[in-house]
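Protein chains in written order, with our numbering: chain V, 269 to 486; chain H, 2 to 231.
Everything labelled a hint here was simulated from the structure, so no lab data went into it.
Quick reminder that beta carbons are idealized off the backbone N, C-alpha and C, glycines included.
Heads up, a few of these hints could be off.
What the hints assert, rightly or not - Only part of the chain H face toward chain V is listed, based on derived beta-carbon distances under 10 Å:
| hint | residue |
| --- | --- |
| 1 | 66 |
| 2 | 69 |
| 3 | 72 |
| 4 | 178 |
As the list claims (entries may be wrong) - Derived pair list, reagent style PhoX-like, types lysine-lysine, alpha-carbon separation capped at 20 Å:
| hint | chain 1 | residue 1 | chain 2 | residue 2 |
| --- | --- | --- | --- | --- |
| 5 | H | 210 | H | 57 |
| 6 | V | 396 | V | 448 |
| 7 | V | 466 | V | 369 |
| 8 | H | 64 | V | 448 |
| 9 | V | 293 | V | 466 |
| 10 | H | 210 | V | 302 |
| 11 | H | 133 | V | 448 |
| 12 | H | 133 | H | 149 |
| 13 | H | 147 | H | 133 |
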Amino acid sequence: MSSVAKYTLPALPYAYDALEPHISKEIMTLHHSKHHQTYITNLNNFLQTQSTASLAGDLIKQLSLQQAINFHAGGHINHTLFWENLAPASSSSTSPDCAPKLVAAINTRWGDLSTFQQKFNTALLSLKGSGWGWLVQDLESGALEVITSRDQDVVPATKKPLLGVDFWEHAYYLQYLNDKAAYAVGIWKVVNWKIVEKRFTGSTDIVFGSLVGLKAGL
Amino acid sequence: MSATLLRTSTAARSVLRSGAPKRAASAAATTFVRGKATLPDLPYDYGALEPSISGKIMELHHKNHHQTYVNSFNAASEQLAEAGAKGDVAASVALQPLINFHGGGHINHSLFWENLAPSKNGGGGEPSGALKSAIETNYGSFDAFKGKFNTALAGIQGSGWAWLVKDNETGQIGIRTYANQDPVVGKFTPLLGVDAWEHAYYLQYQNRKAEYFGAIWDVINWKTVESRLK
Numbered sequence: 269m270s271s272v273a274k275y276t277l278p279a280l281p282y283a284y285d286a287l288e289p290h291i292s293k294e295i296m297t298l299h300h301s302k303h304h305q306t307y308i309t310n311l312n313n314f315l316q317t318q319s320t321a322s323l324a325g326d327l328i329k330q331l332s333l334q335q336a337i338n339f340h341a342g343g344h345i346n347h348t349l350f351w352e353n354l355a356p357a358s359s360s361s362t363s364p365d366c367a368p369k370l371v372a373a374i375n376t377r378w379g380d381l382s383t384f385q386q387k388f389n390t391a392l393l394s395l396k397g398s399g400w401g402w403l404v405q406d407l408e409s410g411a412l413e414v415i416t417s418r419d420q421d422v423v424p425a426t427k428k429p430l431l432g433v434d435f436w437e438h439a440y441y442l443q444y445l446n447d448k449a450a451y452a453v454g455i456w457k458v459v460n461w462k463i464v465e466k467r468f469t470g471s472t473d474i475v476f477g478s479l480v481g482l483k484a485g486l
Numbered sequence: 002m003s004a005t006l007l008r009t010s011t012a013a014r015s016v017l018r019s020g021a022p023k024r025a026a027s028a029a030a031t032t033f034v035r036g037k038a039t040l041p042d043l044p045y046d047y048g049a050l051e052p053s054i055s056g057k058i059m060e061l062h063h064k065n066h067h068q069t070y071v072n073s074f075n076a077a078s079e080q081l082a083e084a085g086a087k088g089d090v091a092a093s094v095a096l097q098p099l100i101n102f103h104g105g106g107h108i109n110h111s112l113f114w115e116n117l118a119p120s121k122n123g124g125g126g127e128p129s130g131a132l133k134s135a136i137e138t139n140y141g142s143f144d145a146f147k148g149k150f151n152t153a154l155a156g157i158q159g160s161g162w163a164w165l166v167k168d169n170e171t172g173q174i175g176i177r178t179y180a181n182q183d184p185v186v187g188k189f190t191p192l193l194g195v196d197a198w199e200h201a202y203y204l205q206y207q208n209r210k211a212e213y214f215g216a217i218w219d220v221i222n223w224k225t226v227e228s229r230l231k
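Pulled out of the complex, with its shape left as it was, chain H reads as follows (with noise of 0.2 Å):
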C-alpha cells in the first residue's frame, strides 16, 4: 500500500500528461498539498483482462470511478487541512467518513489494479513460495482457499471487498470482507483484493456475481501478492 502512494510524483506526471480532468489539474496548480492523491495508470490495458473483465468495465471503473474517489478524496483532505489550520476540532472530526470512504476507494483500487495481471502476461495460475505454504498450512489447498474465498465474497451484504490478509501480530494470513470502502488498515496488511461493487461487474455479468467471482481467478498477479507477503 505505502508503495502504490509513495509513487504518486511519477503517476501525477503521468496524469497531468494525459489531460487531467480541469478541476482537478488547477486544484493542483493554485493549491499547495503536500502529497495529493492522482490515478495512478494501470499497469495493462483496458482490454487486457478480458474475458474475464470487459474493456467496458475496465475504463469505467479506472477513468472513472476510482479518478472520482481520488478528487472526492483530494476535496476531503484540503477542507481537513482547513480546518486543521483553524483549530476546527468539531469539522475535522465530521470530515473522517468521507475521508475514510474515498481515501479507503483509492487505496482499494490501487492495490486491486496492481493484484490482476492478463493471463497472457502472468496473471491466473497458483501462488508459489511462501504464500503457497501459507494458503495449504491454512486451507488445505488452494482449491479450497478459492472456495472459501468466493463465498466470503457472495456473502457481502451490500457493496465491499473480500481480502486475502495478514495479521500482523500473528503473522497468519486470512480472508476477510470490508463494507463500502473500508480499507486494510491497522492489525492487518493486504494482499489480494477482489472487488465486489456491483460496478466491478455489472456490464458484464449483471446479477451472476458468482461467474465473476469465478473468472477473477483467471487474472490474480500471484507475483505481486507474494511481493506483500514479504
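For reference, chain V alone in the conformation it holds in the complex (with noise of 0.2 Å):
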C-alpha cells in the first residue's frame, strides 16, 4: 500500500547481561526487546497513517498526529544512541583514555572529567518525571553542554548529541528502585567513550548513522 520506511530494532551491540552490575540483564532484555520495539512499533504505524493522510491532502489530520510521532520517533532515536553509547565495563572502550579530544574539551570546559560528571548527574536528578540527560556540542559555537531532555524529546537541531542517558523509571527501576542516584552513578562505569570520542570528532551524520541512512531513503 505505501513506501513509508519501516523502522525495525537495532541490534544490541552486547549481550543483554553485557553490563552488569551496572545495568542488569533484565532492566536490558524488557528495555530494548520490549520498550524500544513499542516505539518503533507504534512509530512506524503512525508514519503510516501519516503518509495515508498526506496521499489523501488531509492537513489536520498530519498535524494531529505530529505529536505522537515526536514521541515515538523520539523513543526509537534516543535508545538507538543510548545503546550505541554504552558498553561493558571490562571493555576498552569505557576508559575516558578513548576519547582525547572530548576529554580535553570536557577538562577545558568544566575543570576536569569528574567535575563534568557531578554536572552531569545534577541534571539528572533534577529531571522532573520521565526524560534524558545529554552531553552535547552546539553547532553553532561548538561549546559542550548539559541538558536535558523531557519524555522522548530528541536533543535540539542545533546541537549534536554526544552522550544520553536514559533517566526514565523503566531505566531503573527493577534493579535500583527509587535510589536513582546510584544508577547515575553506575552508568559512568559503562560510558562508550570511545563512540562518544568519534561523535565529537565526526560529522552530525556519524552521530545518527543508520537513523540518518533511513532519513535519507525516504
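Assemble the dimeric complex from its two separately framed chains, guided by the hints.
Rendered as C-alpha cells:
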C-alpha cells in the first residue's frame, strides 16, 4: 500500500547481561526488546497513518499526528543513541583515555572529568518526570553543554548529541528502585568513550548513523 | 484536597511516633514553619491492595517516593520563605517549579492513597448516587467510562496522572491527564486520580502497563470519590 520506511529494532552491540552489575540483564532485556520495540512499532504505525493522510491531502489529520510521531520517533532515536554509547565495563572502550580530544574539551569547559560528571548527574537528578540527560555540542558555537530533554524529546537540531543517559524509571527501577542517584553513578562505568569521541570529532551524520540513512531513503 | 492537608497535625504526630527520617525531624525541631507537610498514614496495610498492587510497590511508593516529595516540598518551602523574607522576588519565582513538582507530588499521592481501598474493604465495584448518574450521563455507561479513562492513562507520554475531575465553572465531570506531578488545582476539583508513573507499577507489571490500568479498578474507593463530588 505504501513505500513508507519501516524502522526496525537495532541489534544491541553486546549481550543483555554485558552491562552487569551496573545495569541488570532483566532491565536490558525489557528495555531493548519491549520498550524500544514498542516505540518502533508505534512509530511505524503513525508514519503509515501520516502517509495515508498526506496522500489524501488531509492536513488536519497530519497535524494531529505530530505529537505522537515526536514521542515515538524520539523514543527510537534516543534509545538507539543510548545503546551505542554504552559498553561492558570490561571493554577498553569504557576508558576515558579512548576520548582524548573530548576529554581535553571537557577539561577546558569544566576543569576536570569528575566535575563534568557531577554536573551531568545533577542535571539528571533535577529532571521532574521522565527524560534524558545529554552531553551535546552546540553546532554554532562549538561549545560543550549538559542539557536535559523531557519524555522522549530529542536533542534540538542546533546541537549534536554526544552522550545520552536514559533517566526514565524503566531504565533503572528493577535494580535501583527509588535510588536513582546510584544508577546515575553506576552508568559512568559503562559509558563507551570511544563512541562519544567519534561523535565529537565526526559530523552529525556519523552521530545518527543508520537513522540518517533511513531518513535519506524516504 | 484541603481535607488532606488540614489533617497535617494528626499525621505529624503519627509520623514522629513512627520515627520520621532524622533530617525531617531535626528540621521540624529547629525551624518554625507553619503547616509543614508530613507523610500521611496509609488507611490500609501495604499488602492490602494485592493482587492489584503488590505490597512491595505500595511500601516503596508510600515510604520512599511520597516521603521524598514531602521532604523536598518542605525544603523548597523553607527556601521560599527565606526568599520572601528577604524580598528576593527572582529567587521566589525561580523556586516555583520545585514547589509545583514536589507540592504536586505530595497532594497527588495523598489523594491517590485515599481513593484506593482493599477490595475486601469496599474497594472496586461501581459508583452510586450522583456520581453514577454523572458518569452515565457523560459516558453512557460505567464500562464506557472505564474504557475512556484507561485510554487516557495509556496516552500519557512520559510520567503523569489521569484524573476524573469536576469543572468548577460548569459542574460537569471530565477526564484529564496531567504531566509529571502537576496537581489538579484551579478550575478543576480532583475526584479520582490514578498514578501512571512507572514507579507505580513497574516492579509488578514491567512494561505491561495496560494490565495495571485494568487491575486498578478492583481497588477504587468509590465512597471517597463520591464524597469529593459533593
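(request) Closer than 10 Å between Cβ atoms is the bar; does residue 69 of chain H clear it against chain V? Give me holds or violated. (result) Cβ of residue 69 of chain H sits 7 Å from chain V, so the hint holds.
(message) So if I understand the rule, the pair passes when the alpha-carbon distance is 20 Å or less; does residue 210 of chain H with residue 57 of chain H pass?
(response) The hint holds at about 17 Å.
(request) For the pair supplied as a hint, residue 133 of chain H and residue 149 of chain H, confirm whether the alpha-carbon distance does not exceed 20 Å. (result) It holds: about 15 Å lies between the C-alpha atoms, which stays within 20 Å.
(request) Could you check if residue 66 of chain H really has its C-beta closer than 10 Å to a C-beta on chain V? (result) 6 Å, holds
(request) Please work out if residue 133 of chain H and residue 448 of chain V have their alpha carbons no farther apart than 20 Å. (result) 41 Å, violated
(message) Against the 20 Å threshold, does the CA-CA distance of residue 466 of chain V and residue 369 of chain V hold or violate the hint?
(response) Status holds; Cα separation ~10 Å.
(message) Just to be careful, I want the Cα atoms of residue 147 of chain H and residue 133 of chain H compared with a cutoff of 20 Å; is the pair within it?
(response) 12 Å, holds
(request) Let me know if the C-beta of residue 178 of chain H comes in closer than 10 Å to any C-beta of chain V, holds or violated. (result) 13 Å, violated
(request) Verify the proposed pairing of residue 210 of chain H with residue 302 of chain V, using a straight-line Cα cut of 20 Å. (result) Roughly 12 Å separates the two Cα atoms, so the pair holds.
(message) Holds or violated: residue 396 of chain V and residue 448 of chain V, Cα atoms, limit 20 Å.
(response) 13 Å, holds
(message) Please check whether residue 72 of chain H passes as an interface residue: C-beta within 10 Å of a C-beta belonging to chain V.
(response) This interface hint is violated because 12 Å lies over the 10 Å limit.
(request) For the pair supplied as a hint, residue 293 of chain V and residue 466 of chain V, confirm whether the alpha-carbon distance does not exceed 20 Å. (result) Judged against 20 Å, a Cα distance of about 27 Å means the pair is violated.
Checked against the numbered hints given earlier, the structure breaks hints 3, 4, 9, 11 and satisfies all the rest.
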